[in-house]
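Novice: Put together the whole structure using the sequences plus the hints.
Number of protein chains: 2
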Amino acid sequence: MYKETSTRSIVKALSWRGLGTIATSVIVWIFTRRLDVAVAVGGLEGLFKICMFYLHERLWDRVRIGRHQIEPVVVWLTGLSGSGKSTLAQSVSAALAQRGLRVETLDGDKIRTIFPNTGFTRQDRDAHIKRVGFLASRLEQHGVFVVCSLVSPYHESRDFVRKLCKNFVEVHVATPIEECERRDTKGLYARARRGEIKNFTGIDDPYEAPIRPEVVIDTREVGVEQATGRVLEHLKRYI
Amino acid sequence: MYKETSTRSIVKALSWRGLGTIATSVIVWIFTRRLDVAVAVGGLEGLFKICMFYLHERLWDRVRIGRHQIEPVVVWLTGLSGSGKSTLAQSVSAALAQRGLRVETLDGDKIRTIFPNTGFTRQDRDAHIKRVGFLASRLEQHGVFVVCSLVSPYHESRDFVRKLCKNFVEVHVATPIEECERRDTKGLYARARRGEIKNFTGIDDPYEAPIRPEVVIDTREVGVEQATGRVLEHLKRYI
Numbered sequence: 001m002y003k004e005t006s007t008r009s010i011v012k013a014l015s016w017r018g019l020g021t022i023a024t025s026v027i028v029w030i031f032t033r034r035l036d037v038a039v040a041v042g043g044l045e046g047l048f049k050i051c052m053f054y055l056h057e058r059l060w061d062r063v064r065i066g067r068h069q070i071e072p073v074v075v076w077l078t079g080l081s082g083s084g085k086s087t088l089a090q091s092v093s094a095a096l097a098q099r100g101l102r103v104e105t106l107d108g109d110k111i112r113t114i115f116p117n118t119g120f121t122r123q124d125r126d127a128h129i130k131r132v133g134f135l136a137s138r139l140e141q142h143g144v145f146v147v148c149s150l151v152s153p154y155h156e157s158r159d160f161v162r163k164l165c166k167n168f169v170e171v172h173v174a175t176p177i178e179e180c181e182r183r184d185t186k187g188l189y190a191r192a193r194r195g196e197i198k199n200f201t202g203i204d205d206p207y208e209a210p211i212r213p214e215v216v217i218d219t220r221e222v223g224v225e226q227a228t229g230r231v232l233e234h235l236k237r238y239i
Numbered sequence: 001m002y003k004e005t006s007t008r009s010i011v012k013a014l015s016w017r018g019l020g021t022i023a024t025s026v027i028v029w030i031f032t033r034r035l036d037v038a039v040a041v042g043g044l045e046g047l048f049k050i051c052m053f054y055l056h057e058r059l060w061d062r063v064r065i066g067r068h069q070i071e072p073v074v075v076w077l078t079g080l081s082g083s084g085k086s087t088l089a090q091s092v093s094a095a096l097a098q099r100g101l102r103v104e105t106l107d108g109d110k111i112r113t114i115f116p117n118t119g120f121t122r123q124d125r126d127a128h129i130k131r132v133g134f135l136a137s138r139l140e141q142h143g144v145f146v147v148c149s150l151v152s153p154y155h156e157s158r159d160f161v162r163k164l165c166k167n168f169v170e171v172h173v174a175t176p177i178e179e180c181e182r183r184d185t186k187g188l189y190a191r192a193r194r195g196e197i198k199n200f201t202g203i204d205d206p207y208e209a210p211i212r213p214e215v216v217i218d219t220r221e222v223g224v225e226q227a228t229g230r231v232l233e234h235l236k237r238y239i
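The listed protein sequences correspond, in order, to chains W and A. When we follow the working numbering, the leftmost residue of the first sequence carries the number 1, and every step to the right adds one. When we follow the working numbering, the leftmost residue of the second sequence carries the number 1, and every step to the right adds one.
Hints in this document: simulated from the structure, not taken from any laboratory. Watch out, some of these pointers could steer you wrong.
Unchecked claim - Cut-off 30 Å, straight-line C-alpha distance, at most; resulting in silico cross-link-like pairs (DSS-like, lysine-lysine):
1. A:Lys110 to W:Lys110
2. A:Lys198 to A:Lys130
3. W:Lys110 to A:Lys166
4. A:Lys110 to W:Lys130
Specialist: Here you go:
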């Protein structure tokens, strides 16, 4: 974030106008070889152009073409463990950053490593989701796009976050449990089946699928690029 | 946050150059009454000034005077309940906002009302402080000044937050407990003395005073305005 003082702008404007007027006078002199005409043209041009520049700026200020206010969005990816949320989140974040937007990626698992005492009971999960949602809403308020990937299995806490945010896009990464368990990238399903992990979503804890998510992605059917495209399609009116 | 497309900038530059060249030609014609000279001066001036404008911009880009990069800071107010943290936090935030900076105020008590399950045991407090600190550090990274007011009684969690942030200014609101208890604005000290509140900092839970805080304020000695001035004095090199 840069800030230019108004003094800098004034000095810069004067230095430009000075150079401009001298250039005009010299060119007029080259063509006319008359110093009085050159100085008169330069002087009148200098005064006239300051007014014209001001009016030109004011006019363009009313023209909306090519200028749009950036309204950030909280993109919330919900789905089972291993459904492909984090991969999609990273891809969406990268695509937004490439457009010069401010982006923050909040990964539920990564935030858990910063706060290792967060458990997996319904109460602990709910608190975790609400806190990440609060963080997202604060960042959104300050002009940052936020891409969150959390299992976030319960309606109530997801709706809590939706209400905190101004623009909320819920993406249900709806890869079915059979496929997630087949992939089992982190070996968590095997451990949950053996009873080594309690309250595991889809095994011994429910996943309440979103009722009206803005986007639904089944990663068996679409690749990361196509899925990213579908999320961005939904963000089109904001970016 | 506004974003102008490069097309808008190009169209605007051309519309300005066009108007400028026409104005110069008309002025030259008024003085010389020769259309050929007027067109020639206008044309040469148009081409020449585009190059000159570009060089003028490049030159100014190297001049640092009047331009400074804004580096946000996390201002962390720690102190006993009733020491005056929240009042000072609001005053500092208002002063920063008045300078056109992005500011977020994070009040420990207010965040607790959003997450009512946060307790007051050492573990709960530590987790709360670290989470608020994490939120602050994310906002800082995205160009937002953050003013936090939390009792935050323990070294360890305050140092955890210091390490998360890039610029961290610890303000010890060092109003002594006798004064805080005398004020007892929220009636909490009376309740703690009656044993109705457990783990109350200063009564039956320790307050580990900062060892090397950037600023120390005793609200018995300085008013809000003066205290705000002292905090801002410390932020001078950032704002």
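Novice: Which of the stated hints cannot be reconciled with the structure, identified by number in ascending sequence?
Specialist: none
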